[in-house]
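A.B. asks: Listed below, chain by chain, are the residues.
Number of protein chains: 4
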Amino acid sequence: MGARYNGAVMADPNFESRVRASFGRQRVMTTIGAELVSVAAGEVVIALPFRDDLTQQHGYLHAAIVTAIVDSACGYAASTLMPAEAAVLTVEYKVNFLGPAEGRRFVAHGKVLKPGRTLIVTTGEVVAETDAGTKSIATMLATMMTVTGRGIAG
Amino acid sequence: MGARYNGAVMADPNFESRVRASFGRQRVMTTIGAELVSVAAGEVVIALPFRDDLTQQHGYLHAAIVTAIVDSACGYAASTLMPAEAAVLTVEYKVNFLGPAEGRRFVAHGKVLKPGRTLIVTTGEVVAETDAGTKSIATMLATMMTVTGRGIAG
Amino acid sequence: MGARYNGAVMADPNFESRVRASFGRQRVMTTIGAELVSVAAGEVVIALPFRDDLTQQHGYLHAAIVTAIVDSACGYAASTLMPAEAAVLTVEYKVNFLGPAEGRRFVAHGKVLKPGRTLIVTTGEVVAETDAGTKSIATMLATMMTVTGRGIAG
Amino acid sequence: MGARYNGAVMADPNFESRVRASFGRQRVMTTIGAELVSVAAGEVVIALPFRDDLTQQHGYLHAAIVTAIVDSACGYAASTLMPAEAAVLTVEYKVNFLGPAEGRRFVAHGKVLKPGRTLIVTTGEVVAETDAGTKSIATMLATMMTVTGRGIAG
Chain A
100 MGARYNGAVM ADPNFESRVR ASFGRQRVMT TIGAELVSVA AGEVVIALPF
150 RDDLTQQHGY LHAAIVTAIV DSACGYAAST LMPAEAAVLT VEYKVNFLGP
200 AEGRRFVAHG KVLKPGRTLI VTTGEVVAET DAGTKSIATM LATMMTVTGR
250 GIAG
Chain B
100 MGARYNGAVM ADPNFESRVR ASFGRQRVMT TIGAELVSVA AGEVVIALPF
150 RDDLTQQHGY LHAAIVTAIV DSACGYAAST LMPAEAAVLT VEYKVNFLGP
200 AEGRRFVAHG KVLKPGRTLI VTTGEVVAET DAGTKSIATM LATMMTVTGR
250 GIAG
Chain C
100 MGARYNGAVM ADPNFESRVR ASFGRQRVMT TIGAELVSVA AGEVVIALPF
150 RDDLTQQHGY LHAAIVTAIV DSACGYAAST LMPAEAAVLT VEYKVNFLGP
200 AEGRRFVAHG KVLKPGRTLI VTTGEVVAET DAGTKSIATM LATMMTVTGR
250 GIAG
Chain D
100 MGARYNGAVM ADPNFESRVR ASFGRQRVMT TIGAELVSVA AGEVVIALPF
150 RDDLTQQHGY LHAAIVTAIV DSACGYAAST LMPAEAAVLT VEYKVNFLGP
200 AEGRRFVAHG KVLKPGRTLI VTTGEVVAET DAGTKSIATM LATMMTVTGR
250 GIAG
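Chains as they are written, first to last, in the working numbering: chain A, 100 to 253; chain B, 100 to 253; chain C, 100 to 253; chain D, 100 to 253.
If you're looking for bench data, these hints aren't it; they were derived computationally from the structure.
Hints may be right or wrong, so weigh each one.
Pairs count within a copy or across copies, as identical chains cannot be separated in the list.
As the list claims (entries may be wrong) - Here are the simulated lysine to any residue pairs, SDA-like style, with alpha carbons at most 25 Å apart:
1. K234 with L188
2. K210 with T129
3. K210 with S235
4. K234 with A120
5. K234 with S116
6. K234 with R117
Sequences and hints are given; from them, build the entire structure.
C.D. replies: This is the structure we're talking about:
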């Protein structure tokens, strides 16, 4: 039978080690200093400490760096539900920016909203950790695709 | 009177030097190796040579790096139409990825679709330059905002 | 002082009657048979019984009718937080369709995610009521705008 | 061999009659008074005369009715490139509203941007015809899906 997530069969019980290995191959994550915080069925968390060299013109984290961690969190959240031999592809995403990306550390939560055979709809949120507490700075709605048989995986 | 763009008065004749200076302060652009190719009224082009350390797990440029250059291109396209003392803010964007981000160089074109007093709607495209020619790999639809009086500009 | 919603001052204590009156003037809602179920601070619910003459080619409710009720729900959710003399405008929205729009009745929940002075970010969900239970068929992420001083309200 | 559109083989030479028949089964189009203006490979145009009973609270056409015609135009634009036995599904769309939907008649142009085997990315525009000329009032970026083997077509 296998485990299920929101009605979908979990195709790969070893999803965590597979996602962790794939994250390790996302060289841009190392470049920007992002770390994989947690991997659960349908939910992945990625964190990024603030860095001066990733900012836009006002000294905040650039919107696209905020997008980078939440895109990867959403993509890997989708990937946890895929077969071991499948690759995950970002079809499209939309992000609303809710406030300036200022803080010491940014945490992106990606979550599967609707698992489908071919397409997986995910939502993501990025929270900034500041001296005054945490605040939500971005929300993502993204469509991910399961790709098989193209000689790529992960 | 002043120049006009698509019916909107051009508020700042010196937009090009202002945009170039602001781009120089977007430290993430230096970090990833992006360069400002051209700045015209309502249209900005940014290019990025391929780099191994900006890739996702299959060796293509990460979707968020593709997003980074087209977000900045769209934001600065909007900025060209703004008053000198205004700052441009990305309200939200949507990106569709049209093919794998493989190539020697990636060129993002940002363009104003609809200039408004407060909100400016922009469209962007990213083209990959490969040995076999160029191909479109991403399309963006983004909402930018003119912000004044918050002590920030550019 | 006034009531607050998620950190924002509630500008109009009589928001419910104002929203109900405005909904009554949305003639398309009457045309398609939608009804305003509930109006709370930052949250509005609209329902629509299935009707054969609102379908697409496979007999399901047309995606844009699903969009109609959740757009109005999100717009009015934003409107509950606005001053009495302001008008709400849909800047843009994105909708993901999660399954076929089949059912006896469709219920759209609109909710404010981030209230701003000018822009209000909202999320919406549409649930289909079927003989077998309820299921989520669409999710919306939308940007609404507060417009004042243009001689329109509601 | 067959005809090609933007690199994709045209799978069904009789796409026009197929799309016209399917449009005839979209009962909501009859309900709102929309008409199919033209069907070409990868491009479909749908028009809608203004009607009082499709308005929002300020007397303009409701955003979702604007969305209805451009969603159908984009969906059928994608459908022209699909096999005869396939059905087209709207995966998701984003719409930016560029101005009030006022006018005598509204014309939606849907166009294929990127044809893929499973997913087809489309763009749409809605133009309002007024006494003072035409103006663009909405732009759409949408993902359509080719569905086969589920017992539905068109």
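A.B. asks: Taking the hints in turn, state whether each one holds.
C.D. replies: Here is what the structure says about each hint:
In this homomeric assembly, K234 and L188 come within 25 Å of each other (Cα to Cα) only across copies, at 18 Å, whereas the closest approach inside a single copy is 29 Å. Taking the shortest alpha-carbon separations for K210 and T129, only the intra-copy value of 22 Å comes in at or below 25 Å, while the best inter-copy value is 32 Å. In this assembly of identical chains, the alpha carbons of K210 and S235 lie at most 25 Å apart whether taken from the same copy (15 Å) or from different copies (16 Å). Taking the shortest alpha-carbon separations for K234 and A120, neither the intra-copy value of 30 Å nor the inter-copy value of 30 Å comes in at or below 25 Å.
When the C-alpha separation of K234 and S116 is checked against a cutoff of 25 Å, the pair qualifies neither within a copy, at 31 Å, nor between copies, at 32 Å. In this assembly of identical chains, the alpha carbons of K234 and R117 never lie at most 25 Å apart, being 31 Å within a copy and 31 Å across copies at closest.
In the structure shown, a violation is registered for the earlier hints numbered 4, 5 and 6, in ascending order.
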